[in-house]
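A.B. asks: Sequence:
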Amino acid sequence: MLFSKNPPSRFLLLTLTFVLLLSFSININASDPTNSEDDSDDLEQLLALDEQEDQLPEDQDQESSSRFSEAEVLSKAQRIVLELNSDNSKRVIDENEFVLLLGYAPWCVRSAELMPQFAEAATSLKELGSPVLMAKLDAERYPKVASLLDIKGFPTLLLFVNGTSQAYTGGFSAEEIVIWARKKTGVPVIRINTVTEAEDFLEKHHMFVIGLFEKFEGSDYKAFIKAAMSDNEIQFAEASNIEVAKLLYPDIKATNFLGIVKSEPERYTAYDGTFEMENILQFLDYNKFPLVTKLTELNSVRVYSSPVKLQVYVFAKADDFKTLLEPLQDVARKFITKVMFIYIDIVDENLAKPFLTLFGLEESKNTLVTAFDNKGSSKYLLQSDPTPSNIEEFCSGLLHGSISTYFKSQPIPDNNNASVLAVVGKTFDDLVLNSPKNVLLEVYTPWCINCETTSKQVEKLAKHFKGLDSLIFAKIDASANEHPKLQVDNYPSLFLYKAGDKDNPIKLSTKSGSKELAAFINKQVRPKDQAAKDEL
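Read in order, the letters of the sequence shown correspond to residues -30 to -1, 1 to 506 in mature numbering (1 follows the signal peptide of the UniProt record, and there is no 0).
A hint or two may mislead.
30 Å max Cα-Cα, derived DSSO-like pairs, lysine-lysine [as the list claims (entries may be wrong)]:
| id | residue 1 | residue 2 |
| --- | --- | --- |
| 1 | 216 | 196 |
| 2 | 292 | 308 |
| 3 | 430 | 493 |
| 4 | 216 | 279 |
| 5 | 279 | 232 |
| 6 | 196 | 232 |
| 7 | 287 | 378 |
| 8 | 192 | 287 |
| 9 | 287 | 264 |
| 10 | 455 | 493 |
| 11 | 426 | 477 |
| 12 | 396 | 335 |
| 13 | 279 | 378 |
| 14 | 308 | 264 |
| 15 | 493 | 407 |
| 16 | 223 | 258 |
| 17 | 185 | 232 |
| 18 | 308 | 223 |
| 19 | 455 | 430 |
| 20 | 455 | 407 |
| 21 | 407 | 426 |
| 22 | 258 | 304 |
| 23 | 114 | 154 |
| 24 | 378 | 258 |
| 25 | 279 | 292 |
| 26 | 436 | 481 |
Between beta-carbon pairs, the in silico distance windows are [stated by the list, open to error]:
| id | residue 1 | residue 2 | range |
| --- | --- | --- | --- |
| 27 | 433 | 292 | 56 to 64 Å |
| 28 | 288 | 486 | 52 to 60 Å |
| 29 | 319 | 469 | 44 to 52 Å |
| 30 | 300 | 473 | 28 to 36 Å |
| 31 | 192 | 238 | 19 to 27 Å |
| 32 | 419 | 176 | 44 to 52 Å |
| 33 | 234 | 404 | 47 to 55 Å |
| 34 | 61 | 237 | 43 to 51 Å |
| 35 | 335 | 192 | 53 to 61 Å |
| 36 | 469 | 384 | 19 to 27 Å |
| 37 | 64 | 419 | 45 to 53 Å |
Source of the hints: derived by calculation from the structure; they are not laboratory data. By construction, the Cβ of each residue, glycine as well, lies at the ideal position given by its N, Cα and C atoms.
When you get a sec, could you build the whole thing from the sequences and use the hints?
C.D. replies: Listed below in structure tokens is the structure:
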């Protein structure tokens, strides 16, 4: 699966990127073509080395552990990931039943973000005795191999089962990679039989689904297993002993129970529907997120694909958000499964700025609350102080349809003595739609290559028709201004809004010369008996 993000709506036109440094260069297998040793032998030697390190004398181990930095831990984990190259890739994939492959590029910042998670997942899978071989390929260094393996973007994760690949569809944290890999290789559910197993399970999983069944059979249990196999993100656990299950979910009162557990204030949520796979999966989709989710590169795909289409985004500095978090969670409890609450650090330009640009607020530093209705591709802005009570009122209004869609606008400009009036979002109605005159409107953006030529052409036309009182020339910067009746995809664009028929503007060709445009305008806005051929 290509590590990509789906923006929350069509308004989100900018790519969210991280400026991170790629800081890894540890290969298991030397990529030198002259290396004739078998790759599996290299892997076994490295794993044996790890075991020797784990068995150091106690005093020596204590001394070394005091100097053991996070970088060294990551280095050790990465030795478990086999480095593929043009010589060994086919053999490794063909000779191993399960290979989870990470295709990366050294310059790719998202590869750098994912690599530590992938290495940590490799360590966990090794400790669990998983049959999955974790491997990585520098797709830039070995482009032919990457092409043969169908690696088209960076990073890409693929699972090879007996040589046949399937796309990765899980999350991107180490825990999520482990869960997905185990589910796809035969361990969709972990059975908990004893108190010790339950305690150990709690230490390893911060979110999971627990099912309690008197017997591991019957239609309800089959639906539970099907859901576990279909879900790609959450670890499922099962138990038949109610006392053991209560360690995982204290409020269990009867068998044939299913609930989701999360490591947050709203920790326990019980399922009260019928045991059907589709219904269970829907329950998880609506309840797997915390009350307030912090948006990151790693979870963005899951956030944008949530079935909760009404999403409220809170932009705040980290210190300010600490104060707001608890009351915001209280608000979120009132809108569970209806509104998703998301926090973005407003100082983090790579995450915050693309969203804030959609509102024309990219320079803001104070707390802001916005919302997206991804079902209808609409956006909203809380224009009062972001207090908990105002946020709650804002969310209620969103649900009841009483909050107006937000359209960004620049400040109202001074158009005195301007031959071409500057229109902004706030003045579009007055100057264009409600004006009793004909309006020729140029729609441009600052980054448009051809807009400057068209602007000069419009200025020339405005001077030519200066004496015609029934015609106004205007322009609007579409990158900074919006209006529900101005939907333009190509820049520059020219529209003639005729008096008496503003709902049906005529689009003019920007490729036409000034003479052709003048003739067309003259024909449209002058009385027929006064029409004459214009010469520029």
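A.B. asks: What are the numbers of the hints the structure violates, in ascending order?
C.D. replies: The structure breaks hints 4, 8, 24, 30; every other hint is satisfied.
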